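Here is how the chains run, residue by residue.
There are 2 protein chains.
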Amino acid sequence: MLEGLMQDFPLTLQHLRSRMLGVNADSQVSTSTPLGLRRASFHELSERIDRLAWALKKLGVQRGDRVGTFAWNNQEHFELYIAVPCVGAVLHTINIRLFTDQLRYIIDHAEDQVIFVDASLTAVLAPLAQHLKKVRHYVVIGADRDDGALPGALSYDELLAEAPSEPFAYPQLQEREAAALCYTSGTTGNPKGVLYSHRSVALHSTAALISDALGLCRQDKALVVVPMFHANAWGIPHAAALCGADLLLPDRFLQAEALAKLIEQERPTIMGCVPTIFADLLRYADSNEVDLSCLRNAACGGSAVPKQLMRDFEERHQVRIYQAWGMTETSPVATYSRPSTEQASSEEHWDQRARQGTPLPWVEIRLVGEDGMPVPSDGQTSGEIEVRGPWIAAAYYNDDSGEERFDDGWLRTGDIATADGHGSLQISDRVKDVIKSGGEWISSVALENELMAHPDVLEAAVIAKPDERWGERPLCCVVLREGAHAGAADLLEHLRPRVASWWLPDEFAFISQVPKTSVGKFDKKALRHSLEDGTLAGRVSVRRA
Amino acid sequence: MLEGLMQDFPLTLQHLRSRMLGVNADSQVSTSTPLGLRRASFHELSERIDRLAWALKKLGVQRGDRVGTFAWNNQEHFELYIAVPCVGAVLHTINIRLFTDQLRYIIDHAEDQVIFVDASLTAVLAPLAQHLKKVRHYVVIGADRDDGALPGALSYDELLAEAPSEPFAYPQLQEREAAALCYTSGTTGNPKGVLYSHRSVALHSTAALISDALGLCRQDKALVVVPMFHANAWGIPHAAALCGADLLLPDRFLQAEALAKLIEQERPTIMGCVPTIFADLLRYADSNEVDLSCLRNAACGGSAVPKQLMRDFEERHQVRIYQAWGMTETSPVATYSRPSTEQASSEEHWDQRARQGTPLPWVEIRLVGEDGMPVPSDGQTSGEIEVRGPWIAAAYYNDDSGEERFDDGWLRTGDIATADGHGSLQISDRVKDVIKSGGEWISSVALENELMAHPDVLEAAVIAKPDERWGERPLCCVVLREGAHAGAADLLEHLRPRVASWWLPDEFAFISQVPKTSVGKFDKKALRHSLEDGTLAGRVSVRRA
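Residue numbers (the numbering used here), protein chains in the order written: chain A, 1 to 545; chain B, 1001 to 1545.
The hints are simulated quantities; they were obtained by calculation from the structure and are not laboratory data.
Computed from a prediction, not measured in an experiment: that's the story for all the values here.
Positions of the beta carbon are idealized from the N, C-alpha and C atoms, including for glycine.
Fair warning: there could be bad hints in the mix.
[As the list claims (entries may be wrong)] Cβ-Cβ distance ranges computed for the label pairs, FRET-style: (1) B:Glu1003 <-> A:Asp351: 38 to 44 Å; (2) A:Asn398 <-> B:Pro1167: 38 to 44 Å; (3) B:Asp1408 <-> A:Gln174: 16 to 22 Å; (4) B:Arg1063 <-> A:Glu348: 41 to 47 Å.
Start from the sequences, fold in the hints, and give me the full structure.
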C-alpha cells in the first residue's frame, strides 16, 4: 500500500473552538430569558469555554469521563457542547423529558461524573439525586433561579469566575476518541447509548454546511428549536461554530407565541424543529398577524412531515419546510429533501416534498426486504432502511442487547421505505408499526397523513388491531379539532379515493389526544396498550363497503 | 482513551463511484468536440468506469501504481479521475503545458506504468516517448485523431469495448492510501510531487459543496475551465460526482469566443477559471453581445484577481466572481472569499472582494514574520502564510529537497499576506517577489493591480531592481492595450494618489507581453533574467518627485 503524503490533521472539535476564537469571533449567540435576549459573541464564548475547561479540570474530570447536561437550549449548554469534548471528556446530553426511572437508568449507565443542570430544571432532577451515587458534582446554570433543590450543588457562574483567565492547554486528541453520548428514547427495553466520536461529529456538522442539505453559512442566523438535549440538536450548534452562523436559542420558551415573536424580532434565516411544533406555530401564525418570511430554510424532522403542513406554511406564510430524516444512531441527519423541481404548483413537486430525501454525501443507504435481500429502488417496493457511513453508529455503549440492529457494517433502522430512481426515500412506517394485513403491508403513516389532511382532524395515529381473518387490520385513532364534528363515516369517505380499498379501516377511535413519547413523537405503544387492556376510548366501527 | 462507537467507514473515492451509480445516475457530463457537445449520464459513465477498471487490470496496473494522464478536460479524463483511484492505483495528472525536460523528469520520477493521452496531444508526448523507459503502455483517447505518433499505443475505446460487461470487484481501500499525484510547477529546482490521499481528496471535495465556499449542488452545471491536468481541477470533478452537479468540459476549446458560446448555449451556473482567461472572456463579452448572466458563481484563483476585473464583470455582465486561494500543496482550495457585506456599491464591499477570503472549515492558517513568530491579524502586519489541515501536504513525493517548506506540522506557502479581524487574507506578494526597499516591503502585486486598473494597461508585472541606496526598488513592466499610448509619467501620476509615496517606481519597461509559466502565471523569473542580462526592452526612467 502506498500512503498519501498529506498532513495527519485530526478531525476533532478543537478545530471548532479555534474557529470560534478566530475567523468566527464576531458571530453571536442569543438566548431567550424572562428579561429578553442575552447575547454574547463567539469571542466572548471562547474565553468562557477556556474558563469552563479549567473548571472541568478542577472538578477532576479526566479524559474519557462522561459529563452530563440537563438543560434547555441556551448559551451555557452551547459552551458545554464545545468545552467538554475539547478537554477530552464526553458530553452526555440527558433528555429532560425522560421518565424518572429512565433518567436514573441512563445516568447510572453512563456513569456521569458531573451533571450541569439548568436552575429551571433542578426540581426535576432533585428527587433522583439521592439514588445517583456515581455523580460527584452538580453544577447549576443560571443561579438566579437556584432553589437549593440540589444540596451542595456548585454554581456555573462562580466556577467560571474563579477559573484562571489564561488560555487552557488542551490535550492533543485523536479523531476516533469519544466526544458525545446520547441515549435513544427506545419504546422497548432500556434506553441505549450512542457514543459519537470527534470524527463523526466533525463530519456530520460539515455535512450541515452542504448546499444540498441544511446549507448553513456565515450569513445565517439559526433558530435551534430542536432540543440540544437530544441527538446533537441535528448538529446545528456544531455547524454554527464551524461556519460562523449566529445562534438563536429559545431556552424553555417554546410556546408558539413566544417562538413567533422571537422570529419576528430576530429574523432567523434557518430553523430546525419537529412537525408538532411547526403545527403549533402554523396555527398561531394563521390566527395572528405574524411575519415568518425571514426563514429561508425551515428544516423539519423527527417524524414524517405532513404534506399539508408544508403546503400551508409555504402558501400562507412564505416559509419553505424541508424534510430531513435520521435518528439518534445516525447523528442524526442521514437524508435531506431538496426537491429537484422548483415549480411549487406541480403535483410532482409536492410529491417530492413529501419524501424524506436523498442520502447526504458519505451516507449510503439500501432497502432490505423481509428475506434480508436488497429490494430495488423503483418507487414501489418497500424494505427496511439500512444505512452506513462515517457518522452512523456501529454499536451501543456497554449494551449488547441491541446487536440485531447491526448487520454486517449496516445499521438496521427499523424504518420501512420505498426509494425512487434517485434514491430519494419515502418512509411508510416503522417496522413495528406497519400493519400486516392478508400478507400485504398497510402503512400506518400514510393513513395518518391522509387523515390529517382532513380539515376536521388535528391528529391521527393508526395502529394494528388483531384480526382473525386478515391477521391485522388498521384502527385509526383520531383527535378532532375544537368544534369539529366529522364522524367515522365522513372520514372513511375522505379516505376512500385516497388509498387502496383494502387499506380502508374497519374502526376508528375518537380520542382527546394522542399520547406522546419523551421527544414528542406519537406513542403508539401506549395506544396499543390501551387497545389491549380495553381502555381505548371512543371506538366506532364502520362498514367499508 | 475511550473510543467512539461509530462505523469505521473509510473516506475513499469509491463512495463517489457509488453515488454516480445511484443517487446521481441522471446527472450529465458534456464535452466539447469539433462536432458539438458529446453527452453521457453518470449512469453511463459508471458502466464505462467499470470497464476501465477491467482494462487497468488487464494492463497489469497494481495497487499503488501510478497511472499518468496527459489530457484536456473531457469525459474520459473524468472517467480516469474516478476509476484509477477506485482500483487502488494513483492518478498522476501530467501538466500538458510543461516543457519537455520537465515532462521527462516527472514521468520518470513518478514511474508511471501507463499513460493515457488525448489523440490531440500525442504529438507533444511522442518526441519524449523513446526516453521514457518505465512507461509500459500508452493508451490514446479519442482515436479519431490518432496519428500513429506513439507506435504500439492502445486505443481507449477498444480497451473499453473489449472489457467484460459485468461489475468490477473493487478492492477494500483505506482512506490514507494514495489516490492522486500532481507535480508543482515550481519556478526553481525540479518539480515536486504532491501525493494526495483518498481522505484528502474526499474532504477537499466535500468542502467544495459548502455554502460559504463554492457551494456546488445538485442543481448546478459546472463549467470546468481550470485544467484537470493540474491540482485536481480545484476538486470540481470530484465534487460533482459527490453531489450530482452536471459537468461541462471544454476539452481544448478554451478561446474566449468558444467559451462564450458554450456559456450562452449550455447556461452553466458555476465556472472555475484563472484570471487571465476571465480577462479574455471579459474583452470578448464587452465587444460582442453575449449573455453570461447564467453564472451564479464564477470562482477565480491561481493568482490574485484584479478588483477592476471583478467589478467590470459584475457591472457589465451580471457575473459575480469569487476569489479562492490555494496551491497544488493545498489540494488546492484553502480559502474562499464570500464577502459578508452584500451592498455592491460600497467601497467596503469591494475591498472585501479584493481579498482572498477566509480559510475553509478544517483549514487553519497563521501568518509568520521574518523572525518565525506569528504576526497579528490586524489588517496591517504582513507575514508568510502557513497552513495546516487534512488536505494540506505534509511532504513531497520521494524528494527531500523541499523540506524547508514544512514547519512543525504547518506548510510554508511562500505567499505573503495580511489578515483582517475575521482571518480574511489579502495576499500582497510571493516571498521571492516582494520588493525589500529600505527595510520595508513593497508589494509587487499591489502595484500590478493599481497599474492594471489604468484603462491603457493590459498587463503589468513588477519586479525588484537592485539599488545601491535602498537595496531594491520596483521596476514596473507594462503591456499597453492595442492603440493605447500612456507613458511612464502618466502611469506614475496614476499611481501617485493610490500607493505610499516610497512605493512609487523609478523605472518602467514597456514590453510587448509578460512571459507566462506553464500554468499561465506571470513568469517574473524570466523578467528578472532579462533585467540581469540586459535584454529587458522599453525601459524608461521617471523622476518620482
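How the hints compare with the structure:
At roughly 43 Å, the beta-carbon separation of B:Glu1003 and A:Asp351 lies within the given 38 to 44 Å, and the hint holds. Separated by about 40 Å at the C-beta atoms, A:Asn398 and B:Pro1167 satisfy the suggested range of 38 to 44 Å. Take B:Asp1408 and A:Gln174: their Cβ atoms lie about 19 Å apart, and the range 16 to 22 Å holds. The hinted range of 41 to 47 Å is satisfied by B:Arg1063 and A:Glu348, whose Cβ atoms lie roughly 45 Å apart.
In the structure shown, no violation is registered for any of the earlier numbered hints.
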